[in-house]
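**Student:** For reference, the chains in residue letters:
There are 2 protein chains.
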Amino acid sequence: MSEFFTVLPPADAFAKLWAHLPTTPRAETISTTEALGRVTFEAIASPESLPAFPRSTMDGYAVRATDTFGASATLPAYLNLIGEVPMGAAPTFELCPTQCALVHTGGMIPTGANAVAQIENTQKVSEQEIEIIKAVGVGENTVNVGEDVAQGELVLPAGHVLRAQDLGGLLGLGLTTLNVAARPRVALLATGDEVVPPDSHTGPGQIRDINSYTVSGLIERAGGLPIRHGIIRDDFDALREAAQTALAQADVLILSAGSSVSVRDMTAEVINGLGQPGTLVHGVAVKPGKPTILAVAQGKPIFGLPGNPVSAFIIADLFVTPTLYRLQGCATPPRRPSVSATLTHNLPSAPGREDYVPVRLIEKDNALWAEPVFGKSNLIYTLVRADGLLRIPPDANGLSAGERVEIRLF
Amino acid sequence: MSEFFTVLPPADAFAKLWAHLPTTPRAETISTTEALGRVTFEAIASPESLPAFPRSTMDGYAVRATDTFGASATLPAYLNLIGEVPMGAAPTFELCPTQCALVHTGGMIPTGANAVAQIENTQKVSEQEIEIIKAVGVGENTVNVGEDVAQGELVLPAGHVLRAQDLGGLLGLGLTTLNVAARPRVALLATGDEVVPPDSHTGPGQIRDINSYTVSGLIERAGGLPIRHGIIRDDFDALREAAQTALAQADVLILSAGSSVSVRDMTAEVINGLGQPGTLVHGVAVKPGKPTILAVAQGKPIFGLPGNPVSAFIIADLFVTPTLYRLQGCATPPRRPSVSATLTHNLPSAPGREDYVPVRLIEKDNALWAEPVFGKSNLIYTLVRADGLLRIPPDANGLSAGERVEIRLF
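As they're listed, the protein sequences go chains G and C.
Each residue of the first sequence is one higher than the last, beginning at 1 in my numbering.
Each residue of the second sequence is one higher than the last, beginning at 1 in my numbering.
Keep in mind that the hints were calculated from the coordinates and are not lab data.
Heads up, a few of these hints could be off.
Some chain C residues judged to face chain G by a derived CB distance under 8 Å, without partners named [claimed, not checked]:
#, residue
1, M87
2, I210
3, D234
4, S260
5, R335
6, I380
Some chain C residues flagged as far from chain G (calculated, every beta-carbon gap over 12 Å) [as the list claims (entries may be wrong)]:
#, residue
7, I30
8, P97
9, N114
10, Q128
11, A248
12, E269
13, G273
14, Q276
15, A350
16, K364
17, D365
18, A396
Here the structure is a predicted model, which is why all the values come from computation and not from measurement.
Here a beta-carbon is modelled for each residue, glycine too, at the ideal position from N, C-alpha and C.
Sequences are here, hints too, so could you generate the full structure?
**Tutor:** This is the structure:
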């Protein structure tokens, strides 16, 4: 395939990829305590009501509300104390008119009672008699059966990324295991005769593999399981064989292509040989990252990332991250932190493509400034020195110093 | 200690806690590939220059820039092709005036050359002769030694939360292991005679433990290691013994206190018995969450969280999360996602305290609305149904429907 290809805007490229991919994730059953950040496979309904019994929300006396009507400091209601509600058990008594019972926060409301008079609004007259100096309404200072969740109520939808409170909520209902989307296994192949593993001494002309690790980090963040297959030499048969093996064992294949045109062309050819429909997008209207390949074979997404570390990172962030969430049944990835800042420099841009510029955030004069980190797209430290990315939209001719911009943080 | 205590604003409470805590984390050496989200223990300087050799950023011909000066399509420069730079090795030749050599993207610039003419701006006249139709300046289409990182340059500060690009950058320098802050071990004790484990059937008056799991999730998110010690019965000696054992084995102790006043008082007494200086803050000007205890014993932070699930979550989010980052040497936790939205309801608030209200985000009429999720602070599902928290500042008498508000997402 030629170097000069038709480039697509990211949204169109993504839609083209997704037209060929499965919409239902693989399910797996795990312990709820291990489910932080995982995605629900199915909607979850509550098997029971929470709370399962009426509870007090205060320390005080369980009463019949009618017995307190009109009560005040000058005209208290007097009630007979018949006992104390034990914590964690049902009271052994029922409440009759003009009776009350000591109850603690979280304790069960005895049958017959329908409100709790706060301890602060009561006075103990004797061991048997309590003075109520403030009226309470029906249901006051109590939580009803099912007030938190009713039995059968939908508590979480499918495709929901589980947060700390969700785990607590599910465990509170006794749901100790649940079905979540399996974590997508993502095979990573690095290519390039000049690339050596990070633990190698670099000889003349050699550089260490960076992309396998930056992209692994993004995969992990998106809930995927990176499987690094190491560095494949720039040889068609070797790359084809490695790609076939890797794809068979994974749900997603990512090739971090060599950066020269000949190696890129070889990567495209290898990808096309993996199965139908093959390459769907060759070239995206994104800078850096134009020579990106999006493909599908054996029902699995395949990405040919550019070789330059900055391009590979930005493309993985733009395309691989949302794909991994989609494969887990989550159509919209969780929102990323972003901040508004004032741009410090003019940034030219060609219309028709999206530019992504690494920026550093600087606090100065009580304001937040976004300073572009200039550098070629093969310099990984432009991203290390940056706090986030600034997107220049495709309809702009660039941005001017002093403009307010939104920075998407890493 | 009495129920009526002096409440402190969160910032003052936090400062009081931090005056008594160590500022240096424990270090641990780990593999860089496993370091995503971990915090650097020390500043890291580069052991070498990256790249270690001058590289081409284009496919083309390595040249001496002076040999191309004035070259154009109508008046090309003609250079002698003396060879091809192999990928991943040093060229075996040097470049003399009027010579050029084929070089691929990422290839080493031969000695004598100082620029690369892009292949698109050249023409092959014969096997030995190349026509250059566009002049290149010194350094054009090349990356110099150390242009990404210079040897000895500080690449990351201490206390930095490691991101995907940081791992790639460090591995690119051959730094395959690094010293990070050890993950704080956080012991969690739940109390309450009414509380049973999530895998239990609940009898009358019993509820399942929720706080151990919501707080565990927040601990994990902040880089800590939750160690759940289960549910301790409401008995002073049992709680004291469990707290002592748990504190000895951990870096942080969290007690999720029972919700009744008597149990809260017992928790305060147990905390005070663990060592000096003991309780520093008893009561914070936060709703929900007022009856919070912040303490230090044996040089370790201790938190007495309120028993209500919503209060426990909000207080853990406000105090435990930044404490865990601080214990890892990171003074400012990573920024959290937030969005602006329009408030749908009036929200009254008492001045002098911060209120935190769970809100649901709703997209309607092309705008984002923040709808409060109303419900008592013992209803965990008010947080499950919410997308984030709205903070009502202490100097406000509340917020009005229609106001623009900032929602901190979970």
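**Student:** If a hint holds in the structure, say so; if it doesn't, say that too.
**Tutor:** Here is what the structure says about each hint:
no.	hint	verdict
1	M87	holds (4 Å)
2	I210	holds (4 Å)
3	D234	holds (7 Å)
4	S260	holds (4 Å)
5	R335	holds (5 Å)
6	I380	holds (5 Å)
7	I30	holds (14 Å)
8	P97	holds (24 Å)
9	N114	holds (16 Å)
10	Q128	holds (21 Å)
11	A248	holds (24 Å)
12	E269	holds (17 Å)
13	G273	holds (23 Å)
14	Q276	holds (31 Å)
15	A350	holds (17 Å)
16	K364	holds (17 Å)
17	D365	holds (20 Å)
18	A396	holds (22 Å)
When the structure is compared with the earlier hints, no violation turns up for any of them.
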